[in-house]
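Enquirer: Spelled out from the first residue to the last, the chains are:
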Amino acid sequence: MLTTPEYRILAALAAVRLLLVPAYSSTDFEVHRNWMAITHSLPLGKWYQDETSEWTLDYPPLFAWFEWCLSQVAVYIDPQMVQLESLNFSSNACIVFQRSSVMVSELVLVFAVAYACRRASEEKRMLMYLLILGSPSLLLVDHIHFQYNGMLLGLLLWSITWIREGQHIAGSIAFAVLVNMKHLYACLAPVYLIYLLRHYCRGPKAVQRFVALGAAVVAVCGVSFGPFIGAGQLPQILGRLFPFGRGLCHAYWAANFWALYSCADKALAVILPRLGLPVTAPEAYMTGGLVQVTHFAVLPSPSPSITLLLVLLALLPCLFSLWRRPRPESFLPAAVYACLCSFMFGYHVHEKAILMVTVPMALAAAESQWDARQYFVLSTVAHVALMPLLFTEQEYPIKVLMVLLHTAVAYWMLCRAVNTKASTLLSKQQQAYLWGFAPLEIYCAAVHPLMFVSKLPFLPLLLTSVYSALGLSFCWLQMAACWLPRYSLSTHAHVQ
Amino acid sequence: MLMIDKQSAVISCIVICGSALLTRFTVSLHPYSGFGVAPHYGDYEAQRHWMEVTVHLPASEWYVDSKSNNLSYWGLDYPPLSGYQSWLFGQAIHSIEPDAVALHFSHGYESPHSKFLMRLTVIASDILVFFPAVLLCLRVFGGGKTVQEKQWWLLVVLLQPAALLIDHGHFQYNTISLGFAAGAAGVIAAGHHCWGSMLFCLSLNHKQMSMYYAPAFFAHLLGKCLQKPSMTQQVLGVAKLGLVVVATFAVCWAPFLATPGGALQMLNRLVPVKRGLYEDYVANFWCVTSPMFKWRRVYTQQALVTMCAGASLLAALPSMIHQILSPSPRGLLMGMANSALAFFLFSYQVHEKSILLALLPVTLLAFDQPVVAAWLPVWAAFSMYPLLKKDGLHIAYLACLLLWLAVAAPPSSLRSGQQSAVQTGHAYTQSTGSRRLCPRVAARFTGVSGQQLLHYASLLSLLPAASIHVGQCFVQPPARLMHLYDAAYVSLSFAHIFAIAVYLNISQWSLSSSFVSQTHSKRS
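Those protein sequence lines, which keep their order, are chains A and B.
Numbering of the first sequence is given in our numbering, commencing with residue 1 and proceeding in unit increments.
Numbering of the second sequence is given in our numbering, commencing with residue 497 and proceeding in unit increments.
In short, the hints are calculated from the structure, not lab data.
Just so we're clear, the structure is a prediction, and the values are computed from it rather than from any experiment.
Idealized CB from N, CA, C, for every residue including glycine.
Errors might be hidden in some of the hints.
To be verified - Chain B side only, calculated, beta carbon under 8 Å to chain A, not exhaustive:
1) 515
2) 521
3) 522
4) 523
5) 526
6) 631
7) 870
8) 894
9) 898
10) 899
11) 901
12) 902
13) 904
As the list claims (entries may be wrong) - Taking CB as the label site, the calculated pair distances span:
14) A/114 with B/503: 27 to 35 Å
15) A/453 with B/978: 51 to 59 Å
16) A/456 with B/598: 29 to 37 Å
17) A/44 with B/963: 53 to 61 Å
18) A/80 with B/980: 29 to 37 Å
Given the sequences, and given the hints that come with them, work out the whole structure.
Expert: Quick look at the structure:
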């Protein structure tokens, strides 16, 4: 029997992942199988051109190489898996292999957490394992829905930890690799740029350091894009990486600002005609479950450039504060804030992107009562907001129990870690807000299907998105306020 | 460290029960026995078929061979309570997905929705019967223990891998009969003999396998009756219990007693003497020794049945005598474990799943035998691996064992054999009797406590098990010895189960000496 607490918690979490192997998996399972097939069966020049399947390769080249590595093993497990023509192939061997690849690649995250907390107390390490590796969001998205976020978030944590500890080149290389695996992480680039410029590239060796950093990043990008530029594939890749025909909101609205915006637009579209003002609105626009560009009925429709501008505007106080005081303790909060801003205001944000916020944020969750409170509210909202991702009946009790149990244990352990009584960690309003999720879920799961049967199918999703968006917006406002200059006199450590 | 107050103790109990539920739901995702294996399928189809039979046919026809219900296709061969349970769940499924239990037309019916419903019925019976019984036992047997020890005990009882894999993977309803048996043990230990007897009769009426516990309950209750001061009170005590047993049986068998010969037909189904000495591979004495001595060739079936009955009763006799002489709550659990192990090792037509009967009292004894409680479940699951592999449950097996490795290590306070406070009230004393066996010998030589020595020994015993698993993945057995691996599984498991049975029998006897000495010390 395992007696070391760390090994026990890791074994238990591994057991949960193994038990989830036969669970429902989304089309992302076929996506990754197809990418293994593409990279295995086709020459480099055709990777970003192939359209045998609708799930074309749309991640940067390093991720394609990762899929290529997987395919080298997959061919021995089940050769049919890596055939291009095996559309929607899912033999038992294929399922076990792909699920295992997610678990094995997640070791990057396990070691990242272990490394980041290697000097912390055992209790703190156990808390981190529970908060990060035991997070229901990670389990729901990676091990049920099927994605490789664990590995990518591990890389992010390695990068952040290295930069915090002063190993800037290593951290930059890790970040460059990360962006070349999933370009979504490029939202962190302003933070990295400003911090490294102001913290690392100064003093007598400023120019050499700048050149070294630049060379490292360019080298990584070169390794990644080089072969494809040589094959003349760059425009094709860029077209695949930035598909702007997808619409502002995903089929299921991420709980961000645009969810509130769309809800307001829908409300106005209903109210204004009653007041006598004409409104043209196609039926079930934005809520038809389709991924397409739609125009709002009443409010102006933002273009991708507008959303980018808003993200940068939201990020400005943080960048300004980093420019003036580029301290290592501010790096992690800045990175978390940058991810949150891009989640709140970005174009076509998936609800899964909230993982980019909650996982790094957990590293600092036990540092103070304020951090613990912020983390708990934000991560609980994230867990519940992700639940609609799974809509099958078999997984329903599993996802509900995972969220409830994790929330209870995380709350108890966080209170212990920051030495607070359970009743005083959250404010009354925060407690009321979080408890409000219970009636919401009861309505969505039980009352709505009974009352409306199959009418208004999007309403429960809309309500979940909007209610979660309210919570996340409030968290974002609180975190944004920390970066404003007039708050620098507060007792909050990282802004001083 | 913040003190754990009563509120957080309750919350941690709820969290542990919630985690146990979550584990059950996730194990339920895995395949069941006989999935897609036409024409007979497996235990899942058997249960579904019983729902079909009990919902559509009147009770008087449940045990009668007919076109819709006969032994060639999963005839109902469990006692009436199983029938009522099938009827109840069958009605529920009939109201949601009637095709799943349609008479005649639903043979081999398999759909994701009906699988979910069937799995829900097992989990529902867990929640309604097993969990309350376990919590009752925690209350009764957990007096004087720290919160951490109680948390560990609850995890051990609720997350036992063999039960999870059989009930929620392979698909069975052992949880109901085991729940009633556990409830009976708890209630009797708390002093309410009549209610406890009733609960045990309910367990017996759900699955006749609970007969394995009968010697222990009989001996304990007889011992308690004999402790009464006067002869008349003793006779009255026995009579009261007898009345309760008869009444419970009468209520359960009522629909079948109405028709003449109905009870006989049921008994015919319940006691399958026509079947063999053992089926497939099971880690008991007869199967493991059969390569060396061909029992089935040498003796007739009648002789074998008698031999098995004799051997089982002989093996269970020491623990029975102990309980008649000095009954105690912990002795009852020990008796249950020893009796179940005796019957598992020596009885006729034993299934590999029957080890679950021994596992229940052993895990309930976790406070006193922490190392055995942590290790028998591993060997029980290991012994069932051939069956689980056939069902496609090998990933679930690995996961459940991994989870067990994570939770089963006893807290240090139990491992080092520290004595907890003596609990008054129900005279449930914490004695060091069971720890006296190894500690004196071992401590003299190594300076390590007995429990710790057992702990290290059991860690070492993992190696052969792991090597058999690894070997099976990579090395093919020769054509002459096709069942080499199956034989290896049961032989290795038999060795450990037999050793544990011997150890528990000796421990039960050392219970009484310490009990006697404690009562002496209380008087003096």
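Enquirer: It remains to establish, for every hint, whether it holds in the given structure.
Expert: We went through each hint and held it up to the structure:
no.: 1; hint: 515; verdict: holds (6 Å)
no.: 2; hint: 521; verdict: holds (5 Å)
no.: 3; hint: 522; verdict: holds (4 Å)
no.: 4; hint: 523; verdict: holds (6 Å)
no.: 5; hint: 526; verdict: holds (6 Å)
no.: 6; hint: 631; verdict: violated (18 Å)
no.: 7; hint: 870; verdict: holds (5 Å)
no.: 8; hint: 894; verdict: holds (6 Å)
no.: 9; hint: 898; verdict: holds (4 Å)
no.: 10; hint: 899; verdict: holds (4 Å)
no.: 11; hint: 901; verdict: holds (5 Å)
no.: 12; hint: 902; verdict: holds (4 Å)
no.: 13; hint: 904; verdict: holds (5 Å)
no.: 14; hint: A/114 with B/503: 27 to 35 Å; verdict: holds (33 Å)
no.: 15; hint: A/453 with B/978: 51 to 59 Å; verdict: holds (56 Å)
no.: 16; hint: A/456 with B/598: 29 to 37 Å; verdict: holds (34 Å)
no.: 17; hint: A/44 with B/963: 53 to 61 Å; verdict: violated (44 Å)
no.: 18; hint: A/80 with B/980: 29 to 37 Å; verdict: holds (32 Å)
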